[in-house]
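Hey, can you work out the whole structure from these sequences and the hints?
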Amino acid sequence: MSELFSLFNYWVVVFLMMCGFYTVIASGNLVKKIIGLNIFQTSVFIMYISVGKVTDGTAPIVSADFSVYSNPLPHVLILTAIVVGVATTALGLSLVSRIKDAYGSVEDDEILDADSDERGSK
Amino acid sequence: MIAHLPALVVLVPLLAAPICFIFSRSPAIGWVITVVSSWVSFAIACVMAVTLLNGGEIQYVFGGWAPPWGIEYVVDQLNLLVVLVVTGVAAVIFPATLKSVRPEVASHQLPLFFVSLLLCFSGLLGIAVTGDAFNLFVFLEISSLSTYTLISMGKDRRALTAAFNYLIMGTIGATFILIAVGILYMLTGTLNMADLAVRLPSLGDSRALQVAFAFTIVGVGLKLAMFPLHLWLPNAYAYAPSAVSAFIAATATKVAVYVMIRFLYSIFGAEFSFSEIFVQWLLLPVSVCAILFTSVVALFQHDVKRLLAYSSVAQIGYMLLGIALVNQTGLAAALIHLFNHALMKGALFLAVAAMVFRVGSSHVDQLRGIGRKMPWTSAAFVAGGLSIIGVPATVGFVSKWYLVLAAIENGWWWMAAIVLVASLIAVVYIWRIVELAYFADSEASETEVKEAPLIILIPIWMLVASNFYFGIHSSVVTRFAEGAAAMLWGQG
Amino acid sequence: MIFAIAACALLVVMLLALVRAFSGPKIYDRVLAVNMFGTKTVLLIAVYGFLTERPEFLDLSIFYALINFVGVIAVLNFVERLDDTDEIEER
Amino acid sequence: MLNLLIAFSLVVPLIGAVGILIADKKPNLREACTLLTSVVLLFVVVKIFLALRGGETPELTLFELLPGLEIKFTVEPLGMLFALVAAILWPVNSLYSIGYMRGNAEKHQTRFYFFFAIAIFGAIGVAFAGNLLTLFLFYELLTLSTFPLVTHKGNDSAKSGGRVYLGILISTSIGLLLPAIIWVWELAGTTDFQAGGVVPQYVEGGTVFVLAMLFVFGIGKAGVMPVHRWLPAAMVAPTPVSALLHAVAVVKAGVFSVVKVVVYVFGIDTLGAEPSVDWLLWFALFTIVAASTVALRQDNLKKRLAYSTISQLSYVVMGALILVPLSVTGAALHIIAHAFGKITLFFAAGSIYTSSKKTEISQLNGIGRRMPWTMAAFTVGALSMIGIPPAAGFLSKWYLLSGAIAADQYIAVLVIFISTLLNTAYFAPIVYAAYFKRDRSDTMLNYGEAPLPAVVALCFTALLTITLFFFPQTVFELIQMIET
Amino acid sequence: MYLGLLTLSLTVFWLVLSGYWDNPLILGLGVVSIGLCVWIAVRIRRHYRLYSALPILTQMPAYTAWLAMEIVKSNLMVIKHIWFSDSHPITPTVRRIRMLQKTPLGQTIFANSITLTPGTVSFRIDGDHVVVHGVMQDAVDDLQDGDMNQRVARLEGKALERLEAR
Amino acid sequence: MVLDALTWFFLLTGSFLGITGAWGIIKFPDFYSRVHAASITDTLCASCFVLGLICQSGFSLVSVKLILVLLLLLITGPAAAHALVKAAHTAGLRALTGKITPSIRRQK
Ligand code: NA
Ligand code: NA
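Read top to bottom, the protein sequences are chains L, G, H, D, R and U. Residues 25 to 146 (this note's numbering) make up the first sequence, in order. Residues 11 to 502 (this note's numbering) make up the second sequence, in order. Residues 662 to 752 (this note's numbering) make up the third sequence, in order. Residues 21 to 504 (this note's numbering) make up the fourth sequence, in order. Residues 774 to 939 (this note's numbering) make up the fifth sequence, in order. Residues 85 to 192 (this note's numbering) make up the sixth sequence, in order.
Just so you know, these hints were derived from the structure itself, not from any lab. Nothing here was measured: the structure is a model prediction, and the numbers come from that model. Quick reminder that beta carbons are idealized off the backbone N, C-alpha and C, glycines included. You may find that some hints are simply not true.
[Stated by the list, open to error] Here's a subset of chain U near chain H, in silico, CB distances under 8 Å, partners left out:
1. ARG118
2. ALA122
3. LEU137
4. VAL153
5. LEU156
6. LEU157
7. ALA171
Following this line, the structure appears as structure tokens:
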């Protein structure tokens, strides 16, 4: 039991990952898919950050008062990954808004219908 | 100077992108910048190739930090092959882009188009060159994001949904890779690939390592359109602007295959991948299914670009098959096909791009009788098709020959048979188009269709010529690939 | 001591904001609540910096304040572009 | 210099093809180009023949695709024979084509002449191929280049016929022939043709049979049942094309390849030592009888000729598989004899169609009086098919028969007899009706001989058939070179 | 003037936040960033005429102090309605209020002030009216002919003088 | 000592205001009225917190940064509120008006 609890960060990660993944797969709404993707990515960020935690270490901002810091490398990496994630989200949402302009909907099934209608009418 | 080349080959297009953005008023300037930087990159790649063939490994360390912490760029035979493919294809295809995409991409997006193209290009090169696992992820995302942008610029509104689906699947794949890299970092405390390769074997058969491995396979599998994970690919290739399809089809999945090989052989090690995890028993059925099923699916496509896209999935199956055969010849076959497939698909997609440029569609009904109206373009398509089929004196033959050899080396005659059956199916789907192009009466169209402009036609024929050149002088590539395969096996 | 109390109070505020964010009912209610959550995070980071004697955290809270603002404007811009709110309402 | 000759023989048809394309809009220039090219090719091939007879073996290696896999040409007697047939018949066929195509006002004539030249290029490549890979490459080129010819009419039946044609030929070659080539390469590390065979020291027993089967059925152009279906399907083609298919290049390339594989890949002795190969022989024998029987039931003249071809081809395959020198001589001779005879028959059928638009045998009553030259040539061809002197068919059948007796293959002997009877049964009535029956229901009142080029061509080939009967020495000379 | 002020404030912002005043690389990056921001700001100004109430408010301490008091007062009022909603039920109101200001600058200051004070928020400007939502009807009534409207109108003149003096 | 007391005072007041605002957005009946509740926390509550913290840091760079934080919140808070209201208004979200008694609220 205590072991389970000591690994709680992984449980959080796994929980978030599943939430995000489920949303991406199950939601027919494109915006929600993007949000699910965000949650999914965020879970990985948390995993990295929690891995970098050093017992009794403080935030890795150099200061004369402290000697033990958390491992800064994962922070740096995840900063990059967050930037990438934001870019992905921005691109995804801009695609959604263009899809909305083109199809008048952001629902998966309605878009599919619209495309098959178009093919049918040809 | 030589030591800086690996960084330069990536930085040239990466720095050209913002310059391109500054001149965003004029697409022509963007185009010139794009073309010039692709040529410069190609020249650098050639210099590296010469250096490598005469000397040894080329290494470049960023920021003055020693490799385990700093980002390191390494060039060996394996990634040099990939760099040559990417820069070579770019150098040939980019000149055709401006003319080709003008009717397809909205004019206000054109400047952005070239920025994205450059970013995509530099991302692909970065993946190939970097020796750092996390850096690889970053470049993967740079190239992917710009690819999504490029695809979304397609004329048809379905380009948007195609780009969106690719974005979702691609991001999941990238995130999987990120997870795997994270676990590897947890286990070893390093991100440097060479360092990882040294440290991982001492871990033994840890559960976490297996998890990392699984995430890698699925993540990279998504990126390279491994058989059941390929669903994003057909639409993405079909609705992207045609020149983009040509560039991406020729390079993007190849680079992903490179990543797969790098992870399997250099990072996890052949010993772990094939003797402990037995990944070949996953790759084998997957590649066979890809080769057979998607080839059959290609038969029933009504859009030439979609047809070629499905064919691409099948061709990726060949590369995975080469890996799954777990012998040095098979690996060499995968690498040879990696190179060769870039040439064939580049030629084919660019030929289709030329047809789309004149006809405005790649639907088979619109291409009836195109052989008489665009004889040079159609002839190029036929030549590329012959290469896909694997006719001797084309590169396709060399690839298949090596694959069959590798299969026979394992004593798997049935596998050789499958390769031949797939070639037969390829004959049928290529022939369908040839028949339409040459032997079908064209529908009375009010607009007179002319031969493609030279700026597109010349790149097409350069690719076609390379299909034959490397099909005849195959030793240029096979020696390279065999060297890389020997090196990778030596590591394992 | 007082910093701990203040931090707890801020956490309560954020919790209530989350309640509103979940219950909606309109997208604007959610954005409003999320914005509030964000501004309180700014304050929380500042207070937490004083609590752990690391005033360097103030840089983070400035950064966060900016990000939060940009985020809210971006979301609103996106909602406006989607044009009718039904699209992202409950289904 | 000699090696250059091989290169010439390959380049000449290609140059001709380009010339034809360039002369697209000027029919006279275009046809002149075709004729000139074919004559030049004949000249080059004869030069090669003279060199070969002088005891030299010209060889040309173009490039090495992969270690042990080259694109390579070697002139040997068997290939020489085939090249001679193709080179002699091309000018004749061109002459005939001019008459036929103009007489019928066909469309896309440039395309026709262009692909014809390409097909000849393929045939010459097959003839001089120095290894299996080169053979395969040109074999496929021949298939692909003849497709536009087969579907020349462009209507739906032409298209569906073309699909069957292409489908069977491509799928057998890739599905069976290519694996066989790979197998040979895997065993021997080379695919070069060698006197005495490439594989004897590597294979024995059932493996020989399997490999032989892959070759015999993989070379679909040889038309051994059940892979014969492409030949009747290709009957949708214009007559000059049928002549090309049946006499000049395509089926000849098939049987020639079979003989070449038997002689230079297996070696006659290897196959002879393997009793199970008889099974393949029986396929050939069955084909001979079955195809003749089917031919008997066809009313369409060209279809009857097509099934006749299937049957005649299996004579050659049979000769190769009986595996004694006499029978191989017969097979080689039969390649030529059948070529000259069948081209005459097809030319005649085409001439009849051109002038009278008749396609069915039942319509031919009394045609001998309207088209005397044509029907005389037809008669010569029919004699050759049946094997009656003074036509060349007699000679080849004689050698085949002698070979069968020498090898104690009495079933083969029987088959030859039965088939001769059947041949007579389906050719004699045509000749009889043409000369002795009265034609009552003729609506096309005014027709006579076909255009002059066509008549000249078919008389020439009939003459060739007879000449071959009287002067077969050159051919024997070549065949003896094979055996030594 | 505008550019100078912007550059100055951005420079201060950068220096205060970075804390590195002698590292040439970081200072260089700062120069680049500031340059980029100014460039973007210039581009924005080319397309939109922007008025910001804040720089003007800093020049008018009297009004600012008054506004601060107003903010405190209205805060207290809203708090009262939150905790004692039974005895003080809210009366949400939407109203178009005629603005006494004549220029876009004055109107902007007024609308911004409305939004700054809790209890009222401006939607949009509609001719010389501003559409306002208030949580209490009296607060909206106050705006109609209250202190703030007049003060801003008075201020407008002064502000314009200053702007022209620049 | 005095500064500590001031810190206590400001932070406690700020906490109270924050919770008040949060309670307000829970309790108020419609979106537009919730905006007013939220704006309490953005203005007065944030000011109190920052003042309380400044009392601890005195005249230092930290105080400058704290003021910067406050300024940012004061600028962005109303701007965000305005953007929200404007977006909701243009999207056609109607405001609840009139006297809102508890019974009406329950019906809502
Ligand atoms: Na991605
Ligand atoms: Na307000």
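Going through the hints against the structure:
1. ARG118: holds, 6 Å
2. ALA122: holds, 5 Å
3. LEU137: holds, 6 Å
4. VAL153: This interface hint holds because 6 Å falls under the 8 Å limit.
5. LEU156: The hint holds - U:LEU156 has a Cβ within 8 Å of chain H, the shortest such distance being about 4 Å.
6. LEU157: holds, 6 Å
7. ALA171: Interface hint status for U:ALA171: holds (5 Å vs cutoff 8 Å).
Going down the numbered hints, you'll see the structure goes against none, and every one checks out.
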